[in-house]
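Undergrad: One line per chain: the protein sequences are V and C, in this order.
If you count the first sequence from 1, position 119 lands on 119 in my numbering, and the numbers rise without skipping.
If you count the second sequence from 1, position 77 lands on 77 in my numbering, and the numbers rise without skipping.
No lab work stands behind these hints, which were simulated from the structure alone.
In this text the structure is predicted, and so the values were computed from the model without any measurement.
Be aware that one or more of the hints could be misleading.
For identical chains, the list gives no copy identity; a pair is met inside one copy or between any two copies.
Stated by the list, open to error - Keeping only pairs whose Cα atoms sit at most 25 Å apart, straight-line, the calculated SDA-like set for lysine to any residue is:
hint : residue 1 : residue 2
1    : Lys101    : Thr19
2    : Lys128    : Met94
3    : Lys29     : Glu75
4    : Lys101    : Phe74
5    : Lys62     : Asp51
6    : Lys33     : Met20
7    : Lys62     : Asp102
8    : Lys128    : Leu73
9    : Lys128    : Glu79
10   : Lys29     : Ala82
There are 2 protein chains.
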Amino acid sequence: MDVRYINPFLSSIRNVFDTMIHVPFNIGKPRLKEDSTPLYDISGIIGLSGDVTGCVVINLSKSVALQIASALLFEEMTEVNADCTDAIGEVANMISGNAKKDFPDGHVSISTPSVVIGKHAVVYPSNKPIISIPCETSAGRMLVDVCLQTVPVPANV
Amino acid sequence: MDVRYINPFLSSIRNVFDTMIHVPFNIGKPRLKEDSTPLYDISGIIGLSGDVTGCVVINLSKSVALQIASALLFEEMTEVNADCTDAIGEVANMISGNAKKDFPDGHVSISTPSVVIGKHAVVYPSNKPIISIPCETSAGRMLVDVCLQTVPVPANV
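Next up, chain V with everything else stripped away, as it sits in the complex:
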């Protein structure tokens, strides 16, 4: 996958944590995801369409979700309720929305987020590379998985 579509996510994650979440964090080295083994119980999923199609999935444990939702909502969250899942959806939305602004070209729309809870795996379309960006907070790790494909421009345009 073209780094010009991955670097915007690194900047965007940093930006969202710095300006909205205010939780100490470290971004690790992006790596190619080799399998869809389930890791953490909560996923926020955003679909992309337009000149770039694909999906962005943030995958995190309950403890990281509560930490991030508490920070975002300025109140101590102790259970994964609707406010918490809305907050996780909003984090996925902010990361994707900020990132797409820095894509090299093309028009891209992002969908509203879906949030999945439970022992699950998100399976990506086969034969497409997935880049996984690890983010460490004091409550644990959040993964940002990016699976994108640029859509070729028709020759007559």
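Put chain C on the given structure of chain V with help from the hints.
TA: This is chain C only, laid out in the frame that chain V set:
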């Protein structure tokens, strides 16, 4: 939710089963979904963006997924592998793509599908109605959940 955005899904589900899947089916009465209790282990999720935002989720058991994937791929599928999940993503894609063509107005993009496997619940954005359309096949039930919101047109456009 405006029936003008639900009726296209009823036609689209019928159309996709009739022309692509060729499995006997019945569409039940759409109902308002009251909770996000997990039902079946496989979900195909499509996000919508543009003048209508939201998501479309097909939720089905392993046996229904295998039945539909086998019918779509013209081969007997016995495990939920990448071909099967790609097929389920494609069914979600076809249902959403066909339906949006019959929306009353506006430009709507659909994202590439994500497929979720495991004991999970898809949590929809809170305070938005979800219409659930049940479809019965001989292998069991598939639900098509539709959570949409029209985006108001700015006054100066």
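Undergrad: Next step is simple, just say for each hint if it's right about the structure.
TA: Quick rundown of the hints versus the structure:
| no. | hint | result |
| --- | --- | --- |
| 1 | Lys101 to Thr19 | within (17 Å within a copy, 39 Å between copies) |
| 2 | Lys128 to Met94 | both (24 Å within a copy, 20 Å between copies) |
| 3 | Lys29 to Glu75 | neither (31 Å within a copy, 41 Å between copies) |
| 4 | Lys101 to Phe74 | neither (27 Å within a copy, 42 Å between copies) |
| 5 | Lys62 to Asp51 | neither (34 Å within a copy, 33 Å between copies) |
| 6 | Lys33 to Met20 | neither (27 Å within a copy, 32 Å between copies) |
| 7 | Lys62 to Asp102 | neither (30 Å within a copy, 40 Å between copies) |
| 8 | Lys128 to Leu73 | between (35 Å within a copy, 20 Å between copies) |
| 9 | Lys128 to Glu79 | between (35 Å within a copy, 21 Å between copies) |
| 10 | Lys29 to Ala82 | neither (32 Å within a copy, 27 Å between copies) |
Hint compliance for this structure: hints 3, 4, 5, 6, 7, 10 are not met, and every other hint is.
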